[in-house]
Every structure is written in C-alpha cells, then in structure tokens.
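Given only the sequences and the hints, what does the whole structure look like? Please build it.
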Amino acid sequence: MINNLTGTLSLEKESLQNLLSLLEEQYMLIMKKQLFELEDIVGKIKLCNKDIAEHEVSRRKIVGPKSMKDIVENSNNPHLNSEYKDIKKLIEVVRMQKDTNELLIRQQIGFNAQILNIINPRREIKTYNSYGNLSK
Numbered sequence: 142m143i144n145n146l147t148g149t150l151s152l153e154k155e156s157l158q159n160l161l162s163l164l165e166e167q168y169m170l171i172m173k174k175q176l177f178e179l180e181d182i183v184g185k186i187k188l189c190n191k192d193i194a195e196h197e198v199s200r201r202k203i204v205g206p207k208s209m210k211d212i213v214e215n216s217n218n219p220h221l222n223s224e225y226k227d228i229k230k231l232i233e234v235v236r237m238q239k240d241t242n243e244l245l246i247r248q249q250i251g252f253n254a255q256i257l258n259i260i261n262p263r264r265e266i267k268t269y270n271s272y273g274n275l276s277k
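Under the numbering used here, residue 277 is the last one in the sequence shown; the count climbs by one each step, no gaps.
Because the hints were derived from the structure by calculation, they are not lab data. Hints are not guaranteed to be accurate.
No farther apart than 27 Å at their CA atoms in a straight line, the calculated lysine-lysine pairs in the BS3-like style are these [as the list claims (entries may be wrong)]:
{"hint": "1", "residue 1": "Lys239", "residue 2": "Lys173"}
{"hint": "2", "residue 1": "Lys207", "residue 2": "Lys226"}
{"hint": "3", "residue 1": "Lys191", "residue 2": "Lys202"}
{"hint": "4", "residue 1": "Lys154", "residue 2": "Lys239"}
{"hint": "5", "residue 1": "Lys185", "residue 2": "Lys174"}
{"hint": "6", "residue 1": "Lys210", "residue 2": "Lys239"}
{"hint": "7", "residue 1": "Lys226", "residue 2": "Lys202"}
{"hint": "8", "residue 1": "Lys187", "residue 2": "Lys226"}
{"hint": "9", "residue 1": "Lys210", "residue 2": "Lys230"}
{"hint": "10", "residue 1": "Lys191", "residue 2": "Lys154"}
{"hint": "11", "residue 1": "Lys187", "residue 2": "Lys239"}
{"hint": "12", "residue 1": "Lys210", "residue 2": "Lys185"}
{"hint": "13", "residue 1": "Lys239", "residue 2": "Lys191"}
{"hint": "14", "residue 1": "Lys239", "residue 2": "Lys174"}
{"hint": "15", "residue 1": "Lys229", "residue 2": "Lys207"}
{"hint": "16", "residue 1": "Lys185", "residue 2": "Lys239"}
{"hint": "17", "residue 1": "Lys210", "residue 2": "Lys154"}
{"hint": "18", "residue 1": "Lys230", "residue 2": "Lys191"}
{"hint": "19", "residue 1": "Lys154", "residue 2": "Lys185"}
{"hint": "20", "residue 1": "Lys191", "residue 2": "Lys229"}
{"hint": "21", "residue 1": "Lys229", "residue 2": "Lys187"}
{"hint": "22", "residue 1": "Lys226", "residue 2": "Lys191"}
{"hint": "23", "residue 1": "Lys154", "residue 2": "Lys229"}
{"hint": "24", "residue 1": "Lys185", "residue 2": "Lys173"}
{"hint": "25", "residue 1": "Lys187", "residue 2": "Lys230"}
{"hint": "26", "residue 1": "Lys154", "residue 2": "Lys187"}
The structure displayed is predicted, hence computed values, not measured ones.
Encoded structure:
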C-alpha cells in the first residue's frame, strides 16, 4: 500500500509541477497582454487539472476513508513523508500563483472598463439624489 501511495503521490507531484509551469506561463502572457495565447493556455490548464483529479481519485482509492496525514505520520517512511510535504508546499505555491493571475486579470478588466467609459461615456442625464450627490 505504501509503495502504491508513494508512486501515486509522485505522479500527482509531477502533475502539480506541470500546472505550476502553466500558471507561470499564463502570468507571463498576462503581463505581455497576449490574448490569443492566453486563450490557448486555458485548455492546457484544464487538461492538467483533469490529470491531477485522476491522480487524486486513485490516491483516494488507495487510502480509503483514512486521513492522509495520519497515514503519512504512522507509516514511518521518509520517502512518503517527503513526497507528502513537497505536495503540500507545491499546492500552496500553485494556489498563490492562481490567485495572482486572477487578480491581474480582474485588474486589467477594470482598467479596460474605465478606458471604455472615457472613450464612450454614458449618454444619460445625470441628476442629483437626495444626498446631494450625482447619481450614475
């Protein structure tokens, strides 16, 4: 069981590293504002996510209802322990990179909306509301 689990964790770690490299590539494309390449990389990220999910399902079949943390602590296997710690660190790095990319995309969308409002302002008449401010 431990050998199967170690093999599955190493495959999952490899898939997570692939996902991280794709997210870093996505970050570079966001910074360079290359939209068509960004659309291309979304499909690659989805395939990588599917691969990670398959490894996760196989790991859960091996582990069953037990907690992964308990299995790692009770196994006394240094290789399994190091793989588990590496995966936890890698997941955190992937999460941070994903959040960074999402934040940059949202920021860019907000900037584009402001530019569009400057170029083509709303044509409705602005009126004052009960607080004395202009309504939008």
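Status of each hint after checking the structure:
For the proposed pair Lys239 and Lys173, the alpha carbon gap of about 17 Å is at most 27 Å, so the pair holds. Among the hinted pairs, Lys207 with Lys226 is consistent with the structure: their alpha-carbon atoms are about 18 Å apart, no more than 27 Å. A C-alpha spacing of about 17 Å is found between Lys191 and Lys202, which places the hinted pair at or below 27 Å, so the restraint holds. Taking the CA atoms of Lys154 and Lys239, the gap is near 17 Å; set against the 27 Å cutoff, the hint holds.
The suggested pairing of Lys185 with Lys174 holds, with an alpha-carbon distance near 18 Å, which does not exceed 27 Å. This hinted pair checks out: Lys210 and Lys239 have alpha carbons roughly 25 Å apart, not beyond 27 Å. Distance restraint check for Lys226 and Lys202: the Cα-Cα separation of roughly 20 Å lies within the 27 Å cut-off, and the hinted pair is therefore satisfied. With a C-alpha separation of about 25 Å, the suggested pair Lys187 and Lys226 falls inside the 27 Å cut-off, and the hint holds.
With a C-alpha separation of about 14 Å, the suggested pair Lys210 and Lys230 falls inside the 27 Å cut-off, and the hint holds. Taking the CA atoms of Lys191 and Lys154, the gap is about 14 Å. The hint holds against a cut of 27 Å. For the hint linking Lys187 to Lys239, the alpha-carbon distance of about 13 Å falls within 27 Å, and the restraint holds. For the hint linking Lys210 to Lys185, the alpha-carbon distance of about 31 Å lies beyond 27 Å, and the restraint is violated.
A distance of roughly 16 Å separates the Cα atoms of Lys239 and Lys191; the hinted pair therefore holds under the 27 Å criterion. The suggested pairing of Lys239 with Lys174 holds, with an alpha-carbon distance near 17 Å, which does not exceed 27 Å. Taken as a hint, the Lys229 and Lys207 pair is honoured in the structure, with Cα atoms around 18 Å apart against an allowance of 27 Å. Only pairs whose Cα atoms come within 27 Å are accepted, and Lys185 paired with Lys239 is accepted, the gap being roughly 14 Å.
For the given pair, Lys210 sits about 16 Å from Lys154 by alpha-carbon distance, which is consistent with the 27 Å threshold. Between Lys230 and Lys191, the direct Cα distance comes to roughly 20 Å. Compliance with the 27 Å bound is thereby established for this hinted pair. Of the pairs offered as hints, the one joining Lys154 and Lys185 holds, with about 17 Å between alpha carbons and a cut-off of 27 Å not exceeded. Our distance criterion of 27 Å between C-alpha atoms is met by Lys191 and Lys229, whose separation comes to about 19 Å.
Our distance criterion of 27 Å between C-alpha atoms is met by Lys229 and Lys187, whose separation comes to about 21 Å. Pair hint Lys226 plus Lys191 holds up; C-alpha atoms about 22 Å apart against a cutoff of 27 Å. For the suggested pair Lys154 and Lys229, the alpha carbons sit about 9 Å apart, so the restraint of at most 27 Å is met. Our distance criterion of 27 Å between C-alpha atoms is met by Lys185 and Lys173, whose separation comes to about 19 Å.
Restraint check for Lys187 and Lys230: satisfied, since their Cα atoms lie roughly 21 Å apart, inside the 27 Å limit. Taking the CA atoms of Lys154 and Lys187, the gap is near 17 Å; set against the 27 Å cutoff, the hint holds.
Comparing the model with each earlier hint shows a violation of hint 12 alone; every other hint is respected.
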